[in-house]
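Position chain B against the provided structure of chain A, taking the given hints into account.
Each chain, letter by letter, is given below.
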Amino acid sequence: MPNSAYIVLIPLLPLAGFVLLGLFGRRYFPRSSGVIGTGLMVVSTGLAFWVAYQYFAAYLTGGNQEIVPVRLSWLTFSPGFSIDMSVILDPISVMMIVVVTFISLMVHIYSLGYMKGEARYGTYFAFLGLFTFSMLGLVLAENILETYIFWELVGCSSFLLIGYYFDRPSAVRAANKAFIVTRFADLGFLIGILILSFHAQTLDFRTLMSRLAEPDSRLASITTTSFLGISLLSWGLALVFVGGAGKSALFPLHIWLPDAMEGPTPVSALIHAATMVVAGVYLVARLYPVYAYFGSGVLQLILYVGAASALLAAIMACTQTDIKRVLAYSTMSQIGYMMFALGTFHPGGEAGTLGYTAAMFHLFTHAFFKALLFLCAGVIIHLVHSNEMTDMGGLRKLLPLTHVCFLIGCLAIAGIPPFAGFFSKEDILLAAWHANKLVYFIGLFTSGLTAFYMFRLYFSIFWSRPVREASGHHGEDRGGHPREAPFTMKLPLVILALGAVFAGFVPFSRLVTLSATPLAEEGVRFFWVFPVAAALIGLGIAGYLYRVASDRPERAAASVRGLYRFAYHKFYIDEVYSFITKRIIFNWIGRPAAWIDRNVVDGLMNGLAMGTARMSAAIKGFQSGKVQDYALYFFIGMAGLAVIFIYIYT
Amino acid sequence: MSQVPLTHILIVSSALFFIGMYGLFTRRNLITMLMSVELILNSANINFVAFNRYLYPDRLDGVFFTLFIVAIAAAEAAVAIAIIINLYRNFKSIDVEAADEMKF
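Chains A and B, in that order, are what the protein sequence lines are. Start counting the first sequence at 712; every next residue gets the next number (the numbering used here). Start counting the second sequence at 77; every next residue gets the next number (the numbering used here).
Isolated chain A (complex conformation) (with noise of 0.2 Å):
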């Protein structure tokens, strides 16, 4: 791919989109910013198609695996070391600015007839040119603290987002502790850089592993040098991993990602959805060949805590009410599935790296049906106007549209053949069924949970109540007829519920492959007989609690009631975590700091201040007003000068 340097267009464009309608929007362009952020997503979308394109002809034909098209020297430290804005392409940068740059599309043109007369329409857009700019940023980052700058930014347009209805008090909070709980794991994420930056001497991702990859090298300090008895890389791996856990809402720090559906819906599909929160995922999947052959620890840890987020998420999504927050623990729960995916790389054969290719297959395929379900909840909160559950039923009717591509997600995600779930789950319990029998199981359970809670949320929404109460109720425009949704916003979700049947279709395990190389596909045979039958397991137990409105799911809940509060209760993270945040931290941390503040600190500003006022006040009677007094000060001065250089001086 020679002369490709336009691809920095690609998150350039939205970037000027930002400047534009952030400085200009609200002035000039207070109707028209949607279509100008659309218009400039339209182009980048089609540049980073055609790269694509352009890259993977070029791959499948044996061409060169790693391309850095732009490379920019930013800060040079000395000959050898710099920081620099590059732009690498590799198959996984490649398929996300593809993912990227498809769902920030869709989003942008639902946000057209979605936001539509809201008073900071130009604002929105401007910040979601910001997030795609820095999304795909942090996507083609070619070295580490790259990355972790746009990483950053990444965070920031999260949070502008979330609060983006800076009105509500509980959006503020939201958009406070989805900063606080990412930025505290970023910390994790900063030492991890510091200390494998310092110990290869590099930041670049490719000279880091060949340096790591030699046995003699300057590295041998790095795995020889132990802190607390694990090796120094590990712990940079490990923290590198924490500040993927936090912005991928891996458990424990997830308790972010439900609050931050605070936000406008359009953004919870884009970002806490299908593009942001996968970045730790990706992150571990940029650095996977250090993490495959070095921390194989590191991989145990990966493997544990995926596999805990996917089910604990799994088990708190069937108990929620608001659909969003249904759909935010799912992500978790997918998210989880992709790391565990990636945790279970083991040494010998290509049957090891399956999981590398599953976590980003899932990756890919998750962004279509995940941003076609938010959408979708898009469109019925957009009619309800409610977030609860409750208040909806038997709006299949009314919604026909919505309806099917609901549908089509919710089979997507629970695994039902041959939607793209279906595909990618797969691979990702045979990666888990090689490595560890115990995360297998974990992971079928959860495919059975998955489509539980779904089909809970589907029979809910557009089932449970007879359809003509339901039009009763809600959706009648001044004309009293049923509207679904303007045309903007139904687009996006044909386009993308198209996406959901098809992205298991994407050959990946020729595209997307650690060793360059198409896996071979040795599969155990009828192995999707299992994941199959739970997902439909699950459905059937969804219909047979939630296809009728019933006391059933009351029935069923209180039969596990234990459980159930527990789970309802998100299993008291939350509250474990204001515990040591109010109770610890506050306490023993927070008061002592302020009292030191108080007292220390500002006792010795305070007290400069006021020995200067009293100073001043014991001396302010020299300055009487009286022409003489002076004079007599002055007689006294000279009269002193004098003796002093007759007496002394001399």
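Worth double-checking, as some hints may not be accurate.
[As the list claims (entries may be wrong)] No farther apart than 30 Å at their CA atoms in a straight line, the calculated lysine-lysine pairs in the DSSO-like style are these:
#, chain 1, residue 1, chain 2, residue 2
1, B, K168, A, K1337
2, A, K1293, B, K168
3, A, K1293, A, K1281
[What the hints assert, rightly or not] Estimated spans, in silico, between C-beta atoms of each pair:
#, chain 1, residue 1, chain 2, residue 2, range
4, A, I1359, B, A147, 33 to 43 Å
5, A, A1353, B, F141, 12 to 22 Å
6, A, M1316, B, A147, 48 to 58 Å
Don't read these hints as lab results, they were simulated from the structure. Beta carbons are placed, not taken as given, at the ideal position from N, Cα and C, and that holds for glycine.
Frame of chain A, contents of chain B only:
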């Protein structure tokens, strides 16, 4: 005729200086204070002339200095009186105690 010793002249000039100083500090009337300042100046003049006469009899630097100081004292008196007139306009008094606006 025997010469007057230098010490005598210095005693006169010191006396003049301290009389002026005493006047400057005890009088409240600005005109009197101005006169006291003139006394101080003239004590300095006497010193100049006396030292010139006794230390460098063949030169006239000190005498010329004295002439300059007399001229400057005249100018200074004009300025001081202008200040006093302004003060009088503002305070209806030339008592120095009346003008104590400039205190803390």
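Given hint K1337(A) paired with K168(B) - CA-CA distance at most 30 Å
holds, 17 Å
Holds or violated: K1293(A) and K1281(A), Cα atoms, limit 30 Å.
holds, 19 Å
If you draw a straight line from the CA of K1293(A) to the CA of K168(B), is it 30 Å or shorter?
Violated - the C-alpha atoms of K168(B) and K1293(A) are around 71 Å apart, more than 30 Å.
Given the range 12 to 22 Å, decide if the beta-carbon distance of A1353(A) to F141(B) lies inside it.
For F141(B) against A1353(A), whose Cβ atoms are near 20 Å apart, the range 12 to 22 Å holds.
Evaluate the given range 48 to 58 Å for the C-beta pair formed by M1316(A) and A147(B).
At roughly 56 Å between Cβ atoms, A147(B) and M1316(A) fall inside 48 to 58 Å, so the hint holds.
Range agreement (Cβ of A147(B) with Cβ of I1359(A), hint 33 to 43 Å):
About 36 Å separates the Cβ atoms of I1359(A) and A147(B), which means 33 to 43 Å holds.
Violation of the numbered hints given earlier is confined to hint 2; every other hint is satisfied by the structure.
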